[in-house]
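*Asks:* Residues per chain, in single letters:
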Amino acid sequence: MMGEELEAILRAQYDGEYDAAREARKLLAAAERLAAEPAERQRIRNIVEVVDAEIATQTRQRARVSNTRRAFSATQLARVLAFVIQRRKTGQVWVTRRDALSMPASASPEPNSAEARPIKDFISSAIAAEAEYAQHVVSSAMSAASPRAEAITQPSSPARGRTSARRLPLWHPTSSKRATNAAQILASLGGADMDTLARVPQERTRFAQIAIVLLATAGLSAAAMIYALHESLGMPSLASIPLGLVFGIVIFSIDRLIIPENSVRHLMRKLVVIIPRMGLAVLVALLVSTPLVLHTFAADINTQLRTMEQEDSARAAELRTVSDSQQEQLAAAQTQVSTLEKQAQAERQKVLSALQAWNCELYGTVTGCQDASGLPGNGPLAHQKQQIYSAAVSGYNSIESQLNAADAALRAAEASSSQAQAQLASEVQVNQVRLDTGSGILNQLNALSKISAQYPAVDTERWTFLILFALIGFLPVAVGFALTRRSPSAYDAITKLGEEGLIASARAEREQMIHATEQRLRLRAQIEDDMRRRELDLGKHANERIAADMTNIVDTALREWANQLWAKLAASETGKTSTASPSPPGEDVDP
Amino acid sequence: MTNSSYGNAAKTCSSTTADRMVEDLQRKYGRRFYRLARSRGLSDVDAADVVQTSLISMRQRLIDKGPPGDNVTYFCRVVLNQVTQFYRDKKNAKEQLPDDPDDFDPVEPEPQRVVAPWSLEKRLMLKAANLAVEQLSQHLRDVYELAVIAELSPAEIAKLLGKEPGTVRVYLSMARRQVRERADELLAELEQQRAQKYNGEKRS
Numbered sequence: 001m002m003g004e005e006l007e008a009i010l011r012a013q014y015d016g017e018y019d020a021a022r023e024a025r026k027l028l029a030a031a032e033r034l035a036a037e038p039a040e041r042q043r044i045r046n047i048v049e050v051v052d053a054e055i056a057t058q059t060r061q062r063a064r065v066s067n068t069r070r071a072f073s074a075t076q077l078a079r080v081l082a083f084v085i086q087r088r089k090t091g092q093v094w095v096t097r098r099d100a101l102s103m104p105a106s107a108s109p110e111p112n113s114a115e116a117r118p119i120k121d122f123i124s125s126a127i128a129a130e131a132e133y134a135q136h137v138v139s140s141a142m143s144a145a146s147p148r149a150e151a152i153t154q155p156s157s158p159a160r161g162r163t164s165a166r167r168l169p170l171w172h173p174t175s176s177k178r179a180t181n182a183a184q185i186l187a188s189l190g191g192a193d194m195d196t197l198a199r200v201p202q203e204r205t206r207f208a209q210i211a212i213v214l215l216a217t218a219g220l221s222a223a224a225m226i227y228a229l230h231e232s233l234g235m236p237s238l239a240s241i242p243l244g245l246v247f248g249i250v251i252f253s254i255d256r257l258i259i260p261e262n263s264v265r266h267l268m269r270k271l272v273v274i275i276p277r278m279g280l281a282v283l284v285a286l287l288v289s290t291p292l293v294l295h296t297f298a299a300d301i302n303t304q305l306r307t308m309e310q311e312d313s314a315r316a317a318e319l320r321t322v323s324d325s326q327q328e329q330l331a332a333a334q335t336q337v338s339t340l341e342k343q344a345q346a347e348r349q350k351v352l353s354a355l356q357a358w359n360c361e362l363y364g365t366v367t368g369c370q371d372a373s374g375l376p377g378n379g380p381l382a383h384q385k386q387q388i389y390s391a392a393v394s395g396y397n398s399i400e401s402q403l404n405a406a407d408a409a410l411r412a413a414e415a416s417s418s419q420a421q422a423q424l425a426s427e428v429q430v431n432q433v434r435l436d437t438g439s440g441i442l443n444q445l446n447a448l449s450k451i452s453a454q455y456p457a458v459d460t461e462r463w464t465f466l467i468l469f470a471l472i473g474f475l476p477v478a479v480g481f482a483l484t485r486r487s488p489s490a491y492d493a494i495t496k497l498g499e500e501g502l503i504a505s506a507r508a509e510r511e512q513m514i515h516a517t518e519q520r521l522r523l524r525a526q527i528e529d530d531m532r533r534r535e536l537d538l539g540k541h542a543n544e545r546i547a548a549d550m551t552n553i554v555d556t557a558l559r560e561w562a563n564q565l566w567a568k569l570a571a572s573e574t575g576k577t578s579t580a581s582p583s584p585p586g587e588d589v590d591p
Numbered sequence: 001m002t003n004s005s006y007g008n009a010a011k012t013c014s015s016t017t018a019d020r021m022v023e024d025l026q027r028k029y030g031r032r033f034y035r036l037a038r039s040r041g042l043s044d045v046d047a048a049d050v051v052q053t054s055l056i057s058m059r060q061r062l063i064d065k066g067p068p069g070d071n072v073t074y075f076c077r078v079v080l081n082q083v084t085q086f087y088r089d090k091k092n093a094k095e096q097l098p099d100d101p102d103d104f105d106p107v108e109p110e111p112q113r114v115v116a117p118w119s120l121e122k123r124l125m126l127k128a129a130n131l132a133v134e135q136l137s138q139h140l141r142d143v144y145e146l147a148v149i150a151e152l153s154p155a156e157i158a159k160l161l162g163k164e165p166g167t168v169r170v171y172l173s174m175a176r177r178q179v180r181e182r183a184d185e186l187l188a189e190l191e192q193q194r195a196q197k198y199n200g201e202k203r204s
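Protein sequences appear in the order of chains E and F.
Position 172 of the first sequence, counting from 1, maps to 172 under this note's numbering, and the rest follow consecutively.
Position 123 of the second sequence, counting from 1, maps to 123 under this note's numbering, and the rest follow consecutively.
Okay, chain E solo, but in the shape it has when bound (with noise of 0.2 Å):
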């Protein structure tokens, strides 16, 4: 709804039936009548009486307020001024406002008495001597605009030209001014718009408070991140230092954006901004926490890593004896088989040859047989044959039977050598990495591990580190919600009202941009409706010249017309009657 037309309306409905010619009638009657009535003039001078008896209240309290700002005023420069020559007198040139405001009553004279009659003769003497002095003293000091003590801007050179040889105090201008400078800068930093800041001073300690703990969050990021990047990668100082400032600044960038964003009442808002930068906080606890725990615990680690270096040499040494040992019992297994084999080859032949003389014996067959009988069948010859093929059977049997044996244990003896070859590989491979590596953090991480399975304290103290470094991480989240707690201040109030302000003066400004648009639209419209109209009346126009001119010329065709007509009579009546003349053309002829 458009707000003049929100007014109209609201101005529309009390219109009613109010006619004013009608009231200006009733008026007249009503003042001839209040003549004839003395009760009803009364009652109407009462009224006056009352409105005016009003006003005179209100003036009245008007200038009671106005008398007491003033005289409150005048009291204030009084006091200023009385403080301004004691301190003079005391040798202290410089005074704050707060020091001024803070004298008791009793030293301050009364402006108008006659006691301050001579402090504001001295003062206008003094003035006039030190002109820019006075200046510099009293604006500061009336400067109401804040409550804190406001530094004094050194004097003219005149001025100090006198005070150098003083002893100047404690509290020195210069280095209030660089306070002061060094609070402006550290509120930039703490995201305050300087200029709404200059209209509200007071909040520049607040900006500068969010300053200090931005700072300190982001100063610990980049700490931390140049000692891992330095220690853990291994990355040269040169290289690491300006990565983690970079760092350190991204870190500040976040926390000053999350700061405002803080401040916003939507929860789901605030939540999808604090979650990710708590994540982040506990990202970097952990990356300062883990290597200042190592530090702390170094001489512990560092005898648990030779602890463990010595464990590992030992367990090798074990390892590779018991290596030795199988090689020895595989070489031996493997003796003891090839032997064997060699013995059943043996035996293995005995029996073939005790068959074939058996088969000899049992066949007859002479040839190839060697001590034969010659004769054929199963007689007692083929039976020692028999027995003695037998018993060659039995003894190739038994060496058969222990190489198996043997052959068993060889196997057996191999897969436990090759197994003790491994570990003793594997061993041999970790040790050498740990040599390598030497105090690395995965080792010594290892350590501590192996420490605070020990001695439980070494948890509670790598946990504290933890917290502590998260929650330094969680405090521009803790100020952001603190931000949203308090009630809002005078700068707030009056970012609020910028911000409305440039909202309403691109709104204004783009209705001003419709509006002389729509203007330049009905304008233009007009400018073609007038050409219209104008041609309108110009053929209007032509065409009643034209109509005019026709006539004229219709009416002179038709003359001529009409004398050449009547000549032509003329001339045919002529022969006929000599006495008779037409009439003029034009005259009583219709044509």
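Quick caveat, the hints were computed from the structure, so don't treat them as lab data.
No residue lacks a Cβ here, since even glycine has one placed at the ideal position from N, Cα and C.
Check before you lean on any hint, since a few could be wrong.
Claimed, not checked - Between beta-carbon pairs, the in silico distance windows are:
no.	chain 1	residue 1	chain 2	residue 2	range
1	F	Gln135	E	Leu245	17 to 27 Å
2	F	Ser137	E	Thr460	56 to 66 Å
3	E	Pro38	F	Glu151	51 to 61 Å
4	F	Asp24	E	Arg33	50 to 60 Å
5	E	Glu32	F	Glu185	44 to 54 Å
6	E	Thr460	F	Gln135	41 to 51 Å
Stated by the list, open to error - Listed next, the stretches of chain F that the computed footprint assigns to chain E, with coverage defined by at least 3 CB atoms under 8 Å from CB atoms of chain E:
no.	stretch
7	17-29
8	39-51
9	74-87
10	125-135
11	175-181
12	188-201
For this one, chain E is given, so just place chain F on it according to the hints.
*Replies:* Coordinates of chain F only, in the frame set by chain E:
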């Protein structure tokens, strides 16, 4: 009617001059202050009476004591005083009830709000606007009504209320913004209620 038109001198006026000045006041400001009186809850007739009495009082003031510092603010002050007096009289009349109840009609006619046959949309807007004005804080509401209903300038309002013109401008700006925003919200709510009611009736 300003100071410059009649001067600040506290000399009395003749009845003719007073009549002319009052007539001028009535022509220029009569309707505005009639609206103001009606906005304070007075009926059509009562508001006209209050304006009439105020004009007569103004005339008497001119005749007896000469023109005041500012005729418009003085006239406005008289009107406001008369509105207050009207309610005071009404309250006294209620307190002094007659013994015989038949002689007294306790049901007084409510102030009639004459509203032109407006469209539904306009009526809703009016309702929203009135509610928004009612929700203003008192100091903002005073300034807003004087500026919008009585169409007084910030300087005149400042004189009337005994404030600085800058303060009045700030108040007025705040009040206008609050009324506009609140009226928009209320209008949306009213339209929604209306739509719900319409849908309910349609279903039934």
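*Asks:* Hints first: check each against the structure and report whether it holds.
*Replies:* Here's how the hints hold up against the structure:
For glutamine 135 of chain F and leucine 245 of chain E, the hinted distance range of 17 to 27 Å is not satisfied, since their beta carbons lie about 54 Å from each other. Against the hinted window of 56 to 66 Å, the Cβ-Cβ separation of serine 137 of chain F and threonine 460 of chain E comes to about 58 Å, which satisfies the hint. One distance hint, 51 to 61 Å for the beta-carbon pair proline 38 of chain E and glutamate 151 of chain F, is violated here, with the actual separation near 36 Å. Between aspartate 24 of chain F and arginine 33 of chain E, the C-beta spacing of about 21 Å breaks the proposed range 50 to 60 Å.
Under the hint 44 to 54 Å, the C-beta atoms of glutamate 32 of chain E and glutamate 185 of chain F, about 53 Å apart, fit the expected range. In this structure, threonine 460 of chain E and glutamine 135 of chain F break the distance hint of 41 to 51 Å, their C-beta atoms being roughly 59 Å apart. Residue count for the stretch 17-29 of chain F with a Cβ under 8 Å from a Cβ of chain E: 5. That meets the three needed, and the coverage hint holds. Counting residues of the stretch 39-51 of chain F whose CB lies closer than 8 Å to any CB of chain E gives 5, so the stated coverage by that chain holds, three being the minimum.
For a cut-off of 8 Å, the count of residues in the stretch 74-87 of chain F with a CB near a CB of chain E stands at 6, and the three-residue condition holds. Counting residues of the stretch 125-135 of chain F whose beta-carbon sits less than 8 Å from any beta-carbon of chain E gives 6, enough to reach three: the coverage restraint holds. Counting residues of the stretch 175-181 of chain F whose C-beta lies closer than 8 Å to any C-beta of chain E gives 4; at least three are required, and the coverage claim holds. Using a Cβ-Cβ cut-off of 8 Å, 0 residues of the stretch 188-201 of chain F lie near chain E, which falls short of the minimum of three, so the contact claim is violated.
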